[in-house]
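Undergrad: Sequence:
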Amino acid sequence: MRFEITRLDDVDGTAVDSTVVEAASVNRIVQQAAAMGQRIYIRPAETPAS
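The sequence shown: position 27 = 27 (UniProt numbering), numbered continuously.
Errors might be hidden in some of the hints.
Cβ pair distances, simulated, as ranges [unchecked claim]:
no.	residue 1	residue 2	range
1	11	47	25 to 35 angstroms
2	11	34	15 to 25 angstroms
3	1	31	25 to 35 angstroms
Rather than coming from a laboratory, the hints here were simulated on the basis of the structure.
Just so you know, even glycine gets a beta-carbon here, dropped at the ideal spot from N, CA and C.
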């Protein structure tokens with residue numbers, strides 16, 4: 001499964017940038033964001049219709 005992770009602005013919460021990653025990478029990214037005090041938003045990435 002893939003997830004879209006969006007980094008949010010610390011002041012107003014607007015999206016700064018986003019990336020799509022495999023599920024195995026989510027924990028590492030969350031740990032890094034927590035260590036740096038970053039705000040992130042995580043949601044399942046949309047997959048194209050088959």
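Undergrad: Decide, hint by hint, whether the structure agrees.
TA: Each hint, compared with the structure:
1. 11 x 47: 25 to 35 angstroms: Holds - the Cβ-Cβ distance for residue 11 and residue 47, about 33 angstroms, lies within 25 to 35 angstroms.
2. 11 x 34: 15 to 25 angstroms: Distance hint for residue 11, residue 34 holds at roughly 19 angstroms.
3. 1 x 31: 25 to 35 angstroms: Check failed, 19 angstroms falls outside 25 to 35 angstroms.
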